[in-house]
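Undergrad: Chains as they are written, first to last, in this note's numbering: chain A, 1 to 161; chain B, 162 to 937; chain C, 938 to 1264.
Careful: at least some of the hints might be erroneous.
[To be verified] Straight-line C-alpha distance at most 20 Å; calculated PhoX-like pairs for lysine-lysine:
1. C:Lys947 - A:Lys2
2. B:Lys507 - B:Lys327
3. B:Lys612 - B:Lys327
4. C:Lys1254 - C:Lys1034
5. A:Lys3 - A:Lys32
6. C:Lys947 - A:Lys3
7. B:Lys793 - B:Lys593
8. B:Lys796 - B:Lys593
9. B:Lys793 - C:Lys1254
[Claimed, not checked] Quick look at which bits of chain A chain C covers, simulated, 3 or more residues with Cβ under 8 Å:
10. 19 to 25
11. 33 to 45
12. 48 to 61
13. 121 to 131
These are computed hints drawn from the structure, not numbers from a lab. Where is the CB? At the ideal position from N, CA and C, for every residue including glycine.
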Amino acid sequence: MKKGLITLVVNGDAHEVAVSSQHTLLDVLRGKLKLMGTKEGCTTGSCGVCTVHNGRGEAVLSCLTPALEWDCQAITTIEGLEQGGRLAPIQQAFIDYHAVQCGFCTPGVIMSAQAVLNLTPSPSEDDISDGLAGVICRCTGHIKVKEAIRHVGEYCSDGKA
Amino acid sequence: MAAKPEDSKPVDSNDGLSVIGRRQPRLDGFEKVSGRSVFTDDIVLPGMLHGRILRSPHARARIVSIDTSRALALPGVKAVISNADAPDLLFSDKQPLLAKGFVHYAGEEVAAVAATDALIAEAALDLIDVEYEVLPAVTSLRKAMQPDAPQLHEWAAGNVALTHEKDFGDPDGAFAASDLVVTDDFRSPVQHNTLAELHVALADFTNPDKLHMWTPTQGAPMYQMALAKAFGLETSQVRIVYGNVGGAFTGRGRAKPHHFIAALLSRQAGKPVKIKATGDEEFIMFRGSGETQYRFRTGVSRDGKIRALEADVTFDAGAHAEWAMILWLPAPYLNWLYKVDAVRYKGRFIYTNTVPKGSHHGGIFGRLSAGWMQHLNHVAEQLGMDPAEFHRINAIDPGHHALDGSDFASCGLKECIDKVVERSRWKDKYGKLPPWRGIGIDIGAQASGGKNAANDTSAAMLKVADDGIVTLYTGIPDMGQGSHTVMGMIAAEVLGIEPEDIRIVGGDSDITPFDWGAFSQRGTFTTGNAVKAAAEDARGQLAEIIAGLLGTAPGNLQFAHRRVWVQGEAPEAPGRSFSFREAIGKAFNGVEGRSIMGRGFFNSPRQSGSLAYSFGAQVAEVEVDPESGAVKVLKVTAAHDLGRALNPLAVEGQLDGQVFSGMSQVLYEECRMDGGQILNPSRLEYKLPRTYELPEVEYILVETIDPYGPFGAKEVGEGPIVVTMAAVANAVANAVGEMLPQIPMTPWRLLRVIRYRKRRAATGTGAGPQVSLTST
Amino acid sequence: MLLPEHDFIKPRSLAEGLAVLRDAPPGVRLLGGGTDVVFNMRCRLMTPDTVLSLKDLPELQGVAVLPDGSLRLGAASRLTDLIANPVLRERYPALVKAFRAVASRHVRNLATLGGNLCLDTRCWFTNQTKEWRDTKGPCLKTGTDACHAIQGSPICVALNNADSPPALIALGATAKLTSSRGERTVALDDFYREDGIRHTVLEPDEILTAVTVPPATGRQVFLKETARQGMDFSYGAIALVADGQGTSTSRVRVVLGSLTTSPRVLSAAAERLVALGLGDDGIEAACATLRDTLGPLTNLYSPAAYKRELARTLLRKAVLALREMPA
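Could you build all of it, start to finish, from the sequences and the hints given here?
TA: Encoded structure:
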């Protein structure tokens, strides 16, 4: 199909969206659903600022995947991390540890960090480095980003609460 | 009110300060971690069009003809512009906004379109017919300086755009009086700032009397002035909105062609137009560092005292000399670190058929230092001295008056050296490491703001609502460095309230008071002083009213912990003290009905240069794989004299980022050029280290409490990277036993140095490593 | 920049997918995880009329241990899932290391085995946006007889930059290629062609459906040299499989990746290692064969002289690592 209606379940809400084969998942999230938290960076898979979660809570690059692949799939964006109106522990840790500077990559970095915690609630150094290698944070050098993840890994047993 | 430097009394310790010195998380943290922060590309205006730019495919060519009619006929296309539509619109002095008659570099703006969607705009680019007559081009420094090189511009014989030569003292005499004179060559490459947020501009010029532009910037006034001049407007008719800025790294100091083009398209189409760089366009249009060649010469006496310093620097300016400041800056810089008899600087800008150059993170000082500090360590080794000792015995002291006229009221340079030597265990390691491990030390300085133009003013305003919440209006951009948070801390400290009580309004030139912006390391120092003055103005107004109520003099009042009380009495004394909110209520509900509003500004009283300089020393430790040429940075110990750490948490963040960027420039970053084209215009192929490559960083904050800085603070925004670059370069040089003739030290270049080293060890002779003039 | 317009087809079964390909219409592009194809489509390097998504085809999923002890890997298996697979982790550590060397987790969470095996060759004169390519003019791959990497080259010399082929070839893997005409099995070594344009033997109506890896015997090593450890294409990669213990061995397979247009099986080097053993003499003799085996090298992404030295370094390091391993 060149164009079609797909159902995307984003942050728990089902959306029926008209998309074309020309759209990536990122184009739909930002352009159609106006979920502007997910950023558009290099659009070639190298910078990671467009990172969202698939239904398994894994980090994927929304700029590198055709929107039509995602019919009836669940997606979580940065807007979906808050729980009951409260920041997720990883979000709070990013503030507390100054893991945020300019903030442009931050949504992608946080989604990557949360994906690490989803997979390994108490991540090793290698888990953290591997899980974050797909995003570039130009400001922090990832140093305080790693500290924030370590903190959540140590103090929040399941990485979520 | 105007802050005078002599009014800012030094504060000797953190005693008496309740907010300053605290590890304060960002005030905009919630917005940033939750995806709520709005960046320029997140803004969609009604009726907005998408702009695209047609760029020259040739490094040098004559434009025979441009025909835009087919593009204009494409449904959805609302405007197509070329030089014919704006023949007199100049981007810089001698540079038309859209190419006129000739193109001078691959990527030069030739035409542009605005269309209802991005795909139509892209398709329209293909329908603009441009006929070129290709001309011979000079696409590297080496080619441009050859005697028979084609000349880019008729006004520049030999392709020399500008020269700057300056002697301080008597260099010839000082060199003649030296016991040893050492000369070394060095090269640095084309490098790109790789900002997180790609270049983007959204222009609404539908009302010819007002140009609104949303764009990330390091400072609105320069953009306003440039756009106003180009479009025949007054400065105030241009509004720059820059709410969130996704990194700058010296890359957003000035408006670029796409800003002007977006405005022109908007005016033409009568609709707002957004232009956003694509991934590779970001590189093609960049204004980062150009190729640069250095020759350093130093004269020393036998006891290790530096007599004379000389640097000869040749810059690739690109096709236009847009940023002459980097040509001048090395001259003063050579004077800031050492007590010397004489200094000589010779610099020149050379035109090439490449994109005009600006600077990368660390400015000119970073890349210059990567070579200069290797050279000076080489001098130390020639003298048989420990480089740490060599830097120390020559280092300046507080109160030093430099040959260039700079004065250093505070200076912790020697303390920085001593501390990094101690903490890194330099003496146990230098010369004693196992093979292929290296350790390097160096020093650096950075000015905190300072005048290069008529003034260096920052202004600030604040209002206090009747609930005690303060709104601070500042034009200083926060591009990640945390300037808004630290301005909030300064205002809170003065008013005796908490940073969370401050709301920052920034990023809109229609609203915020004048501020040149966040470059030349002027934010904390200059804007900080302005904010402090504004807060003191507001506090003075409140103190007058409260002092009247309590029958004391305003100067006797204490403001802290959200309370106001009489010095010497209990802060909670009933009837003799107020909460800040109560105090504000007294003012607001008094007969006068006073709404408290403070204003302040700050400008350096010096004719030129800066009031304050930061200093640093760093030690880097590396491991080299002699078989693969790979380098691993193990640890960086960084001491920085920043006057006072207003927010240590943010200071550490600044150091982290600069260590990262510094090692990145020395080991990884390079635009690999081929005939004026960038072969690696992507975040994949333009290498930046990532999570695995980061070293351990140890921070040493040296607080010298500068008499002119706000609460004694100096810059920490770009001083450290200058030092990191040289520390890493020196550590690698130490590991392989040879100076690195160029950066970045890619595996293949390092293998070449190692091979040369082995050959020399085997034969006991040989010239220095060949400096490759190709990009590989 | 949006993707070029195309017809997106997501078949529900292999048969349905093969039917689309039956007439081998030109302009069909097979899509695995999309991380390479979408990138190239964005650059207008690929402008297919039809994109056939194979990612969710049931026949292409999963890891199965076959009766003879070999392992069948479905071509649409995600790299992430292969890395996590306990059988692979236990029996083929070098293979897991190779999969994990691919790009980043973000990419591997989308990318498939088939996609990595079919990863298009790369050249920095070609893998650029259309605007960029226009400045150089077209090349062999984009429609003329010019090569910007090696002037006058009759064939496209773009690099095979995938990390999993060297490891799979060294392990003796075979690929199953299926079409509506039937099914054939080729040694993965024979899957690749020395041509940067048609770089595999996959016919236009065929789908790579599975890879079979013979039972693991002996010691295995995978090494990758790159600018940075995460999210990078290799400057060079090597996979080495050998039996025996210490410096003795009777069977060696060694494959270099990313230096040339197809993964390079180092038969002559393997012979020397078998003949002379894995000691320093053997290493030296093996390295001496590389010049002839590798032939001319390009300056793509790294200089040819470095590539040549890197090949020797990788071979030496791989043997050193291998001989430290238990039998």
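Undergrad: Now, for every hint given, state plainly whether the structure supports it.
TA: Verification of the hints:
Distance restraint check for Lys947 (chain C) and Lys2 (chain A): the Cα-Cα separation of roughly 12 Å lies within the 20 Å cut-off, and the hinted pair is therefore satisfied. Annotation: proposed proximity of Lys507 (chain B) to Lys327 (chain B) holds, straight-line Cα distance about 7 Å (limit 20 Å). About 19 Å separates the Cα atoms of Lys612 (chain B) and Lys327 (chain B), which keeps this hinted pair within 20 Å; it holds. Taken as a hint, the Lys1254 (chain C) and Lys1034 (chain C) pair is honoured in the structure, with Cα atoms around 16 Å apart against an allowance of 20 Å.
With a CA separation close to 14 Å, the supplied pair Lys3 (chain A) and Lys32 (chain A) stays within the 20 Å bound. Distance check on the hinted pair: Lys947 (chain C) and Lys3 (chain A) sit about 13 Å apart at the alpha-carbon level, within 20 Å; holds. Between the alpha carbons of Lys793 (chain B) and Lys593 (chain B) the distance comes to roughly 19 Å, so the proposed pair stays at or under 20 Å and holds. Among the hinted pairs, Lys796 (chain B) with Lys593 (chain B) is consistent with the structure: their alpha-carbon atoms are about 17 Å apart, no more than 20 Å.
Among the hinted pairs, Lys793 (chain B) with Lys1254 (chain C) is consistent with the structure: their alpha-carbon atoms are about 18 Å apart, no more than 20 Å. Judged by the Cβ-Cβ criterion of 8 Å, the region 19 to 25 of chain A is covered by chain C as claimed, because 5 of its residues qualify and three suffice. Judged by the Cβ-Cβ criterion of 8 Å, the region 33 to 45 of chain A is covered by chain C as claimed, because 3 of its residues qualify and three suffice. With 7 residues carrying a beta carbon less than 8 Å from a beta carbon of chain C, the region 48 to 61 of chain A meets the three-residue requirement, and the given coverage holds.
Closer than 8 Å: that is the beta-carbon criterion, and the region 121 to 131 of chain A has 3 residues meeting it against chain C, so the requirement of 3 holds.
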